[in-house]
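J.: These protein sequences, in sequence, are chains F and D. Position one of the first sequence corresponds to residue 94 (the numbering used here), numbered consecutively onward. Position one of the second sequence corresponds to residue 67 (the numbering used here), numbered consecutively onward.
Among the hints, a few may not be true.
Stated by the list, open to error - Short, incomplete list of chain F residues facing chain D, as computed with Cβ under 7 angstroms: (1) 136; (2) 140; (3) 189; (4) 195; (5) 196; (6) 200; (7) 204.
It is worth saying that the hints were derived from the structure and are not from the lab. Where a beta carbon is used, it is the ideal one built from N, C-alpha and C, also for glycine.
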Amino acid sequence: MITLKLLSAIFILFFISRAYLRFKDKSLNTVNFIFWSLVWILALAIIFNPNLSELIAKPIGLGRGMDAIFMLSIILLFYLIFRLYVKIDRIDKDVTQLAISTSKALHAKEKNNS
Amino acid sequence: MKNKKNPMMETTSKKIYILIPAYNEATGIADVISNLKNSGYENILLVDDGSKDDTATIAKKAGAEVLNLVINRGQGAVLKAGIEYLRENHKPDVVVTFDADGQHQAKDIPTLIKPLEEGFDMVLGTRFLEKKSQAPFVRKLILKAGVIFTNLLSNVKLTDTHNGLRALGRKAIQEIEISHRGMEHASDIIDEISKKHLKYKEVPVEIVYTDYSKLKGQKSSAFIKMGLKILIKKITQ
Numbered sequence: 094m095i096t097l098k099l100l101s102a103i104f105i106l107f108f109i110s111r112a113y114l115r116f117k118d119k120s121l122n123t124v125n126f127i128f129w130s131l132v133w134i135l136a137l138a139i140i141f142n143p144n145l146s147e148l149i150a151k152p153i154g155l156g157r158g159m160d161a162i163f164m165l166s167i168i169l170l171f172y173l174i175f176r177l178y179v180k181i182d183r184i185d186k187d188v189t190q191l192a193i194s195t196s197k198a199l200h201a202k203e204k205n206n207s
Numbered sequence: 067m068k069n070k071k072n073p074m075m076e077t078t079s080k081k082i083y084i085l086i087p088a089y090n091e092a093t094g095i096a097d098v099i100s101n102l103k104n105s106g107y108e109n110i111l112l113v114d115d116g117s118k119d120d121t122a123t124i125a126k127k128a129g130a131e132v133l134n135l136v137i138n139r140g141q142g143a144v145l146k147a148g149i150e151y152l153r154e155n156h157k158p159d160v161v162v163t164f165d166a167d168g169q170h171q172a173k174d175i176p177t178l179i180k181p182l183e184e185g186f187d188m189v190l191g192t193r194f195l196e197k198k199s200q201a202p203f204v205r206k207l208i209l210k211a212g213v214i215f216t217n218l219l220s221n222v223k224l225t226d227t228h229n230g231l232r233a234l235g236r237k238a239i240q241e242i243e244i245s246h247r248g249m250e251h252a253s254d255i256i257d258e259i260s261k262k263h264l265k266y267k268e269v270p271v272e273i274v275y276t277d278y279s280k281l282k283g284q285k286s287s288a289f290i291k292m293g294l295k296i297l298i299k300k301i302t303q
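Please model the entire structure based on the sequences and the hints provided.
T.: Here you go:
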């Protein structure tokens, strides 16, 4: 059990360090960095003290701490999928606009040459 | 604009542009363009959506101006490119969007343009106001479902929401912004009509279903995917 806890802790520390590095190179803003740090610190705390999950479970009306963790994880996953969807949609629109601008520029060049 | 054959165009001094979005339409595009030319429409812009065949070369030979999209992005992107290009370079009074697969008839164009002269900003073709078109049963059912779905989501009430034969007046040319790059652009146009308070009208047009156009047209399953995309966009906006 302690091995599993240690392994999980190593992974979480790795994720926190990744978040910090992305924050340092400015690809993650302060709000996002604080959000992810809190999520991972909370996960770390629950791994070493599972009773903490009961603290989350009670205010949201659930009996068991594990149920609360699963529920919050699902909500978080949905939120992340939504954010990814919005991001992909924005990139898709940028690619389309880039294709249109390039096409128009090439067409103008072709017209000028003929 | 040169025209001897079209009585409608003899009475209008408007600069009319026909905008044809095309993807792999080498088989029938020459006929579509020559039919338009024979009906007196000299200003034709074909936007080629990165076709793998000779659509662009054939269209150019047939007398259309061709704008080549560098990569395949879908019909919405093609229409966006075409409208932007015309707006910036030719400043037309009217843009008529016309399918490349031979489903649309040049004889319907004067009917589409006439309401613009009466003060409408946009005119949309419909195959359901009069029984001019013989849509296959499944296609008809899906199109009707699409109409109910789109009418529920927008404030614009139409009888045919996915008809590509449309005429845009100056205000519509200037203001309409297409954001979906695929077939869902039809719902963007309807949203824009509502958002930009464009005065619109539907007129009956004939859609000719040939084996070629049925082969080239959207698959019925694509409509479900399209509906989902429109719904997601509404939620995420």
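J.: Go through the hint on residue 140 (chain F) and say holds or violated, using the shortest Cβ distance to chain D against 7 angstroms.
T.: violated, 34 angstroms
J.: Measuring from the C-beta of residue 204 (chain F) to each C-beta in chain D, is the shortest one below 7 angstroms?
T.: Not OK, violated: residue 204 (chain F) not within 7 angstroms of chain D, min 9 angstroms.
J.: Does residue 195 (chain F) meet its interface restraint, that is, does its C-beta lie within less than 7 angstroms of any C-beta in chain D?
T.: holds, 5 angstroms
J.: Can we keep the residue 189 (chain F) interface hint, with Cβ of chain D closer than 7 angstroms?
T.: holds, 5 angstroms
J.: Are residue 136 (chain F) and chain D close enough, Cβ to Cβ, to be under 7 angstroms, as the hint says?
T.: Given a least distance of 28 angstroms, the restraint on residue 136 (chain F) is violated.
J.: Does the closest beta carbon of chain D sit nearer than 7 angstroms to the beta carbon of residue 196 (chain F)?
T.: holds, 5 angstroms
J.: Double-check residue 200 (chain F) for me: the hint is only fine if its C-beta lies closer than 7 angstroms to a C-beta in chain D.
T.: It holds, given that the least Cβ distance between residue 200 (chain F) and chain D is near 5 angstroms, below 7 angstroms.
Violated hints for the displayed structure, listed by number in ascending order: 1, 2, 7.
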